[in-house]
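**Q** Here's the letter readout for the chains.
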Amino acid sequence: NAGVTQTPKFRVLKTGQSMTLLCAQDMNHEYMYWYRQDPGMGLRLIHYSVGEGTTAKGEVPDGYNVSRLKKQNFLLGLESAAPSQTSVYFCASRAGGSYEQYFGPGTRLTVT
Amino acid sequence: DAKTTQPPSMDCAEGRAANLPCNHSTISGNEYVYWYRQIHSQGPQYIIHGLKNNETNEMASLIITEDRKSSTLILPHATLRDTAVYYCIVRVKDYGGSQGNLIFGKGTKLSVKP
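Chains as they are written, first to last, in the working numbering: chain C, 1 to 112; chain S, 1 to 114.
Excised from the complex, chain C in its bound form (with noise of 0.2 Å):
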């Protein structure tokens, strides 16, 4: 069991290009969320899913998309990226009625 994977770890991309992050989980769980972390910062919530093929925006979601084609996982996309997109974004899912939401280890992303 290995909980909530997310691929990859680290990352450096250029102004304007794009990439997808992945997040993956093996709980079976309904929902799924994307938020992101800057320096000296909470947590904010870019997108998130209640289960398998929806998607709704959270806090911050421009500049970014989201599929959720299978149930256990969640991609984040990035179209252009932009220096303002530099931080670390971390994946959670939380079953339905539990309190407990379960993160990966995060994806460090640099935009020069």
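Since the hints were derived computationally from the structure, they do not count as laboratory data.
Hints are not guaranteed to be accurate.
[As the list claims (entries may be wrong)] The calculated SDA-like cross-link candidates involving lysine to any residue, where the alpha carbons are at most 20 Å apart (straight line), are:
(1) S:K106 to C:E59
(2) S:K3 to C:Y99
(3) S:K109 to C:V88
(4) C:K9 to S:Q42
(5) S:K109 to S:S61
(6) S:K109 to S:Q42
(7) C:K57 to S:I103
(8) S:K109 to C:D38
(9) S:K52 to S:S70
(10) S:K106 to C:M41
(11) S:K52 to S:I74
(12) S:K3 to C:R44
(13) S:K109 to C:R44
(14) C:K57 to C:R68
(15) S:K106 to S:H49
(16) S:K109 to C:R68
(17) S:K109 to C:G40
(18) S:K52 to C:R44
(19) C:K9 to S:H40
(20) S:K69 to S:Q42
(21) S:K106 to C:R68
(22) S:K3 to S:I48
(23) S:K106 to C:V60
(24) S:K106 to C:D38
(25) S:K52 to C:G97
(26) S:K106 to C:P105
(27) S:K3 to C:K9
(28) C:K57 to S:R91
(29) S:K109 to C:N73
(30) S:K106 to C:P39
(31) S:K106 to C:T86
(32) S:K52 to C:G42
(33) S:K109 to C:G42
Model the placement of chain S on the given structure of chain C, informed by the hints.
**A** Relative to chain C, chain S alone:
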């Protein structure tokens, strides 16, 4: 969701109890208190939650005042590995049909010293 206030930092001696306070004076009756922690460079980790009764699990104890306007997370025997940022989050209990996301503030940076 009710706003929380936590001290920015605290120190604790190894082996002693760490008592982390949280003020949530605007909490409403259907809001729970959650505690998470984030060890450096890792994803946040759930610790404990409660509504109005004191709670204890293998990691910590949660003491909520009778008026529910504040709470204290207690790590009974802090170790160096408990050095982390601790987040107190107040959230309506929601099981389905809503976001269920967590709103993280800046938390309390706990430093456990030898």
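**Q** Determine for every hint whether it applies to the structure shown.
**A** These are the hints, each one checked on the structure:
no., hint, in the structure
1, S:K106 to C:E59, "16 Å, holds"
2, S:K3 to C:Y99, "18 Å, holds"
3, S:K109 to C:V88, "18 Å, holds"
4, C:K9 to S:Q42, "11 Å, holds"
5, S:K109 to S:S61, "18 Å, holds"
6, S:K109 to S:Q42, "14 Å, holds"
7, C:K57 to S:I103, "15 Å, holds"
8, S:K109 to C:D38, "16 Å, holds"
9, S:K52 to S:S70, "10 Å, holds"
10, S:K106 to C:M41, "6 Å, holds"
11, S:K52 to S:I74, "16 Å, holds"
12, S:K3 to C:R44, "15 Å, holds"
13, S:K109 to C:R44, "18 Å, holds"
14, C:K57 to C:R68, "13 Å, holds"
15, S:K106 to S:H49, "18 Å, holds"
16, S:K109 to C:R68, "34 Å, violated"
17, S:K109 to C:G40, "11 Å, holds"
18, S:K52 to C:R44, "27 Å, violated"
19, C:K9 to S:H40, "15 Å, holds"
20, S:K69 to S:Q42, "30 Å, violated"
21, S:K106 to C:R68, "30 Å, violated"
22, S:K3 to S:I48, "18 Å, holds"
23, S:K106 to C:V60, "17 Å, holds"
24, S:K106 to C:D38, "11 Å, holds"
25, S:K52 to C:G97, "19 Å, holds"
26, S:K106 to C:P105, "19 Å, holds"
27, S:K3 to C:K9, "32 Å, violated"
28, C:K57 to S:R91, "19 Å, holds"
29, S:K109 to C:N73, "32 Å, violated"
30, S:K106 to C:P39, "10 Å, holds"
31, S:K106 to C:T86, "19 Å, holds"
32, S:K52 to C:G42, "25 Å, violated"
33, S:K109 to C:G42, "12 Å, holds"
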